[in-house]
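Peer 1: One-letter residues, chain by chain:
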Amino acid sequence: RKEVEQDPGPFNVPEGATVAFNCTYSNSASQSFFWYRQDCRKEPKLLMSVYSSGNEDGRFTAQLNRASQYISLLIRDSKLSDSATYLCVVTSGTYKYIFGTGTRLKVLA
Amino acid sequence: GAVVSQHPSWVICKSGTSVKIECRSLDFQATTMFWYRQFPKQSLMLMATSNEGSKATYEQGVEKDKFLINHASLTLSTLTVTSAHPEDSSFYICSARDNWGGDYPRETQYFGPGTRLLVL
Numbered sequence: 029r030k031e032v033e034q035d036p037g038p039f040n041v042p043e044g045a046t047v048a049f050n051c052t053y054s055n056s057a058s059q060s061f062f063w064y065r066q067d068c069r070k071e072p073k074l075l076m077s078v079y080s081s082g083n084e085d086g087r088f089t090a091q092l093n094r095a096s097q098y099i100s101l102l103i104r105d106s107k108l109s110d111s112a113t114y115l116c117v118v119t120s121g122t123y124k125y126i127f128g129t130g131t132r133l134k135v136l137a
Numbered sequence: 012g013a014v015v016s017q018h019p020s021w022v023i024c025k026s027g028t029s030v031k032i033e034c035r036s037l038d039f040q041a042t043t044m045f046w047y048r049q050f051p052k053q054s055l056m057l058m059a060t061s062n063e064g065s066k067a068t069y070e071q072g073v074e075k076d077k078f079l080i081n082h083a084s085l086t087l088s089t090l091t092v093t094s095a096h097p098e099d100s101s102f103y104i105c106s107a108r109d110n111w112g113g114d115y116p117r118e119t120q121y122f123g124p125g126t127r128l129l130v131l
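Protein chains in written order, with our numbering: chain A, 29 to 137; chain B, 12 to 131.
Please note: incorrect hints may appear among the correct ones.
Pair by pair, the computed Cβ-Cβ distance ranges are [unchecked claim]:
#, chain 1, residue 1, chain 2, residue 2, range
1, A, Lys73, B, Glu70, 17 to 25 Å
2, B, Thr91, A, Arg104, 17 to 25 Å
3, A, Ala95, B, Lys77, 26 to 34 Å
4, B, Asp38, A, Thr46, 15 to 23 Å
Distance condition first, Cα-Cα at most 30 Å in a straight line; then the derived BS3-like pairs of lysine-lysine [claimed, not checked]:
#, chain 1, residue 1, chain 2, residue 2
5, B, Lys52, A, Lys30
6, A, Lys124, B, Lys52
7, B, Lys31, A, Lys30
Now the stretches of chain B that chain A is said to cover, found in silico as 3 or more residues with beta-carbon under 8 Å [what the hints assert, rightly or not]:
#, stretch
8, 86-100
9, 119-126
Because the hints were derived from the structure by calculation, they are not lab data.
Every residue, glycine too, gets a C-beta built ideally from N, C-alpha and C.
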């Protein structure tokens with residue numbers, strides 16, 4: 029079983045739709061959690077870190093469920109510019125990142 | 012804040028050439044930097060952790076004599092691909108961890124824009 033698992037997609041959604049991604053992790057001792065977005069042929073850019081209390085940044089909401097060992101990302105009112113690959117990242121006791129495979133999102137006009 | 016630069020952004024070279032890539036944290040100090048490689052349609056693969064003032068820690072399967080890492084200051088790490096071959100062609104990305112964390116967890120990494128290496 030992979031340490032961090034994501035549905036690779038692609039998720040094709042119309043503009044204005046709400047879309048949610050989940051990511052599961054296997055190590056219950058995992059400490060920090062992040063969502064990054066990566067555009068084609070570019071570097072990952074930090075979207076948000078994820079906390080148990082949940083956090084929101086504009087149209088983006090992230091949640092952490094430690095009991096079930098998953099994190100989620102909700103995007104409301106999808107824009108064309110949201111089309112990207114969304115990477116789930118977990119750290120476990122060291123500074124090393126453990127990446128999910130990424131979920132591809134395509135927002136359609 | 013938390014800007015990481017990488018240079019060069021593109022390299023095309025002949026087989027057998029050594030290629031040096033620089034990674035700089037522009038507005039923060041980074042004791043720890045990371046070097047990744049990404050092949051098309053795959054996720055990032057960590058190659059090594061670069062520690063300021065000490066030897067890099069390489070991931071399993073990464074040859075340390077092939078990929079030389081130097082982290083001589085708190086804002087600069089370099090990766091040298093020695094005697095590059097076509098199979099070394101890839102997208103090389105560095106990241107840096109802000110020593111002070113700021114608003115984010117201390118593990119947060121900020122990525123450079125990457126270097127595309129093509130070895131002919």
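Peer 1: Run every hint past the structure and note whether it holds.
Peer 2: These are the hints, each one checked on the structure:
For the pair A/Lys73 and B/Glu70, the beta carbons lie near 23 Å from each other, so the given range of 17 to 25 Å is met. At roughly 45 Å, the beta-carbon separation of B/Thr91 and A/Arg104 lies outside the given 17 to 25 Å, and the hint is violated. Checked against the given bound of 26 to 34 Å, the beta carbons of A/Ala95 and B/Lys77, roughly 44 Å apart, lie outside it. Roughly 35 Å separates the CB atoms of B/Asp38 and A/Thr46, a value that falls outside the hinted 15 to 23 Å.
Among the hinted pairs, B/Lys52 with A/Lys30 is consistent with the structure: their alpha-carbon atoms are about 18 Å apart, no more than 30 Å. Note on A/Lys124 and B/Lys52: the hinted pairing holds, with a Cα-Cα distance of about 22 Å set against a maximum of 30 Å. Of the supplied pair hints, the one linking B/Lys31 and A/Lys30 is violated, its CA atoms being roughly 33 Å apart against a limit of 30 Å. Counting residues of the stretch 86-100 of chain B whose beta carbon lies closer than 8 Å to any beta carbon of chain A gives 0, which falls below the threshold of three, so the coverage claim is violated.
Closer than 8 Å: that is the beta-carbon criterion, and the stretch 119-126 of chain B has 7 residues meeting it against chain A, so the requirement of 3 holds.
Going down the numbered hints, you'll see the structure goes against 2, 3, 4, 7, 8, while the others check out.
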